[in-house]
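Visitor: Okay, here's what each chain looks like letter by letter:
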Amino acid sequence: MHIDPLGEISHDPLAKIGMLMLATVTLMAIFAPLLSSYSPHDYTGEIFSPPSMDHLLGTDSMGQDIWVRLLYGARTSLLVAGAVALLSTLLSVLVGATAALAGGLYERFCMRIVDAMISLPTIIVMILVAAYLRPSLPLLILLISAFSWPGGARIVRSQVLSLKERMHINAARTFGAGWRHIVSTHIIPDLSPIISALMMQDARRAVFMEAGLAFLGVSDPMVISWGKMMHQALAFTYLDVWQWWLVPTGLALSATLIGISFLSCSLETAMNPRLKKDHARDNARYG
Amino acid sequence: MEQKREHSFWKILGKNLFPASLQSYLIALGAIFSLNFILPRLMPGDPLHAIYGDEALVAMTDEMEAQLIRQFSLDKSWWDQMLAYIMGLLQGDLGFSYYYREQVSQVILGALPWTLLLAGLALVIATAIGIILGIESGFCRGSSLDRGLVASLMFLGGFPDFFIGILLLLIFAVSLDIMPLSGATSPYAGYEGLAYMLDVLKHLALPLASMVLVQLGGIFLLTRNTMVTLLGESFILTARAKGCPESYIKYSHAGRNSLLPVTTATGMHIPHLITGALFIEIVFSYPGIGSLLNTAIAARDYPLIQGILLIVTVTVLSANYLVDLLYMRLDPRVRYAH
Amino acid sequence: MLSIRDLKISFGKTQILSGIDLDLEKGECLALVGESGAGKTTLGLSIMGLARGSATGEISFQKKNLLALPEDELRQLRGREMAMVFQNVEDALDPVQRIADQIAEAITVHRCISAKNAGDMALRHLLSVGLNGEKARLYPHQLSGGEKQRVLIAMALVNDPDLLILDEPTASLDALTKADIIRLFRSAILGRICIVITHDISLAAALADKMAVLYAGRIVEMGRAESLIRDPHHPYTRGLIRSYPDMTTTKDLQGIPGRLVHGLSGCPFHGRCTQRIDICSRQIPKQRELDGRIIACHRGGIVPLLEISGLSHTFQANYVLRDVFLTLYEGETLALVGESGSGKSTLSKTIMGLHEPDRGQFILEGCSVIKRDAAFYSRVQMIFQNPKESVSHRMNVLDAVQEPLLVQRESSYEARLGRAKEVLDLVELPVDDDFLKRYPHQLSGGEVQRVAIARALALGPKLLIADEPTSALDPSVQAKILKLLMNLQEKMGLAMLFVTHDIALARKVSDRMAVMHKGRIVEEGATNEVLIHPRHPYTRRLVDCALGRYGMENAEIEMMVEPEPVVLEKYC
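Those protein sequence lines, which keep their order, are chains C, Z and F. Be aware that the first sequence starts at 1, since it is given in our numbering, and climbs by one per residue. Be aware that the second sequence starts at 1001, since it is given in our numbering, and climbs by one per residue. Be aware that the third sequence starts at 2001, since it is given in our numbering, and climbs by one per residue.
These are calculated hints, taken from the structure and not from any lab test. One thing to keep in mind: the hints can contain errors.
[Said to hold, decoys possible] Among chain Z residues calculated to face chain F with C-beta under 7 Å, some are: (1) E1233; (2) S1234; (3) F1235; (4) L1237; (5) R1240; (6) G1243; (7) N1257; (8) P1261.
[As the list claims (entries may be wrong)] Listed next, the stretches of chain F that the computed footprint assigns to chain Z, with coverage defined by at least 3 CB atoms under 8 Å from CB atoms of chain Z: (9) 2076 to 2086; (10) 2105 to 2111.
A virtual CB, placed ideally from N, CA and C, is assigned to each residue, including glycine.
With the hints as extra help, turn the sequences into a complete structure.
Guide: The following block contains the structure:
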């Protein structure tokens, strides 16, 4: 039976909702300059002005237009998400696949490192490192990637291990295929759904981490970030300004995260045939 | 024969107390030690400067500087510095927090119980509710209850934890004003006994609720999906053929088996749980490690950040270790592996 | 005690069971056999009330209709009055509970009993299936497959159920363990109604007294297990038994062409059946009972193709054939063995009408054969010993193959060419123009024989008389030709009268064997039984020679009092 999880999720309503949310955020990020008449670094003069035609979401404590900053914040989030997803997944596949294929001491070494890293409170490690090295966007991307790959490496390794034992790979070996052929024609294509699932997970974690770190005060001072906006807004909950400062920013962040979650959940269901199988049939009798 | 048996007894005991994962925990701990030791020393400038940062040194007297240099052998070789560092750690010395003007260990010990209370309770409550809902939902998969739960909990789980906290804070404390805005106790109230407990619970309610809401989704979905998979197994059919009532099948067979992956996942989730607690604490100004960290970052109190990292790592690793021991209690295949 | 009436189960649009009728008394054990997907397990599960999908009909057990029972009452019957042992031994036990606890649970869910008493009962039952107290405290992963199966049996028997259903109970066990478990089952099924679901015919034979063959959700044949295996009446049953090896099987294994399809109109098997007629695809055959055998087939089971009775022939005042009776069934191979001059070839030539007999009658497909007309020859064809002689050297391949068509006045060249290509393809020969134009001397012996077979097939016969068809060929070619003949039999349901003096060869290709001696059939029976227990001295001698034991002199047989021919009933 041929299963194509990537093709299948396009019919899932959950995936459609997720896609829609992500598309909205992406469009916001791409067309940010067109959707507003201010630059994110402009100071308008008035602080805490309520929403108006001039300022869709009002202005913040520095007198900057919140709507504009929200739009440019999407750029940061998506940039970090994309970069981390690529980098971290690359590391996961590299370590996981080589560990599974090479085996022996190398595999044990890699997996010990992976286990150790998984059990660390990564955010605090990142905070410490970023605090010493002075945070900047590329550093954050590198840091988040450096701490995101181990979980994926574990999954890739177990997948490759089970693939290695599959009959069609054994069959290819009986034709005298070398490992280069096996990896490129059997393992990589079979891994592609896993890899796309990993990328989504990594992207989600990256968006969350970047916002979280910024929320804690660890961020590139030159970059507009949703987390930093929420960090600043949280200090003014005694004013009504949270209604158009804190909440929309949080919602934008949540929409991005939920969009990715829905997509990856739908993909996971499509990859697990048992979860997918016709629901109604099983419950005909047991209710 | 007798000897052999004794041998295997020790072997089993050893296996039960020292799971294979212990090795990676030690590696993790070692990595944090080295990070704490090496990172400041890689920075340009003199070591004291690097360890304590610019802000701290402004507030420091010359005597204190001299004392610190002596204590950590900062004027000697790296090797001596490391020995001094390790000796210090063994004596529970995590350095000096210039911001609080107190030993880092003292500062952290004051905050740790609140974090443990928050995170521990959140873990227990979220796991209990998540497992029960997951079992019920997985058992009647495809029903409206199941679909409703899956959709709503997945939606909730998608929110970043600090935003859930912020929403709860805004709704219940800011708008409705029925819950305290911040802190773990009412200041200067002087409650005692039961009244004190109630006060603590009242302050705990919102942070706890937001943590539970966020953690719930993951545990629920995993339990539910495991349940669905398990219900297709042959031993469930055997149980049905025995004439077991639905409740036995749900809890005693499928439910008990679904605990295994949930336990593993919980163990792997503990670092996220603790960091989640840190965020929530900041939102609610709860006087735990999180708030401490927030202060430390703002004040660039490096020794405090390092101390927090170390203590949180130790806490997380111990929790992981306990989960591993629990897993072995739950799964006889690990306990009595041939 | 258990009676099932018109049980139908469907999943969505697919009907898995379509009208099962079954009656079982206490103490009876029924084996349900059939291919995967035939609905065996669904039938077992539906009795337990565990089948998914919607059910109609009636399952009456202990005077209650199980299909109408509310779930809770059904649950109380499960495990107490009826128990089932499932096929997947490795996964059938809960991995995180001690086995004694799992058995005790089976007791406590049905009775008010203290946990301690239940535990003691569980231990006793484990002991009775051969597992001691130490094993009782173990977890499933610590047991071997056979031990797990014992636990499952103990669990099924613990409440002394009236009905026991075993689903492929030995499928994953090795031979020795299987033997132990079968012994255990033999005592377990005593005094109960028992249903064994299996595709293992030897297991069915070992346990069951009744056997039902399930095909696409219907029972196609049911009867006493032993006689059903020895003498299957339904073509599907025969196919099943032919494809299942046992230690006395001598003929090469044969499969059943095609694959199981649900939801066919008419007889469910008609798509794969080689003796189907028009009605088979239109009407569902009713179950009919005949000599204690229930069979659902429009043709009443495997049809006799050619019946020969009282055939005698003299040649120059000598009997060449004396009072020969012989029946050939659809899709079977009958080997006719005997020494040279015993009358084998005369018999085959007489059937073909090359000799006129003095006395005797032929009945072909139920009609008496009065003259050999076109209709006869399109049903009965012959292949000869020496292909180079039987195919004229003047004819190329195409001419040879289309010769019978021409003789039967098939006028259109296109039709003849098409049919020729079709049959050449059947015998695995090329059909390109170059090959069609070759002459016999340009072909190898094996190829010419294939051409001869193709020629015989051109008219679409049901009976093929093969007179030493391979004796002129090399052994390696002979093997290929025999395989081809067996495959054709499998595909087209050809009956074959295989005339040979080579017993070893006959053993590999025939279902039944008839031994001719001096114009008489002295012994007839299932090939394996004739060869293992030859009754007639002449047969014994033939077998001994074939085995390389050259003890008796020819004369010794001559001197013996000629015994009566041993003509056993079919397959007995």
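Visitor: Any CB of chain F closer than 7 Å to the CB of L1237 (chain Z)?
Guide: Interface hint status for L1237 (chain Z): holds (6 Å vs cutoff 7 Å).
Visitor: With a cut-off of 7 Å on the beta carbons, see whether N1257 (chain Z) makes it to chain F.
Guide: holds (6 Å)
Visitor: Going by Cβ atoms only, is G1243 (chain Z) closer than 7 Å to chain F?
Guide: With a minimum Cβ separation of about 3 Å from chain F (threshold 7 Å), the hint on G1243 (chain Z) holds.
Visitor: With a cut-off of 7 Å on the beta carbons, see whether F1235 (chain Z) makes it to chain F.
Guide: holds (5 Å)
Visitor: Is the listed coverage of the region 2105 to 2111 of chain F by chain Z valid when you require three or more residues with a beta carbon under 8 Å from a beta carbon of that chain?
Guide: holds (count 4)
Visitor: The region 2076 to 2086 of chain F covered by chain Z? Criterion: 3 or more residues, Cβ-Cβ distance below 8 Å.
Guide: holds (count 8)
Visitor: Given a cut of 7 Å on the nearest C-beta pair, is the interface hint for E1233 (chain Z) held or broken against chain F?
Guide: holds (6 Å)
Visitor: Given a cut of 7 Å on the nearest C-beta pair, is the interface hint for S1234 (chain Z) held or broken against chain F?
Guide: Hint on S1234 (chain Z): holds, closest Cβ of chain F at ~4 Å, below 7 Å.
Visitor: Does R1240 (chain Z) pass the interface check with chain F, least Cβ-Cβ distance below 7 Å?
Guide: holds (6 Å)
Visitor: With a cut-off of 7 Å, does the beta carbon of P1261 (chain Z) approach a beta carbon of chain F closely enough for the hint to hold?
Guide: Where the cut-off is 7 Å and the nearest Cβ of chain F is about 12 Å from P1261 (chain Z), the hint is violated.
Hint violations for this structure: number 8 only, all remaining hints satisfied.
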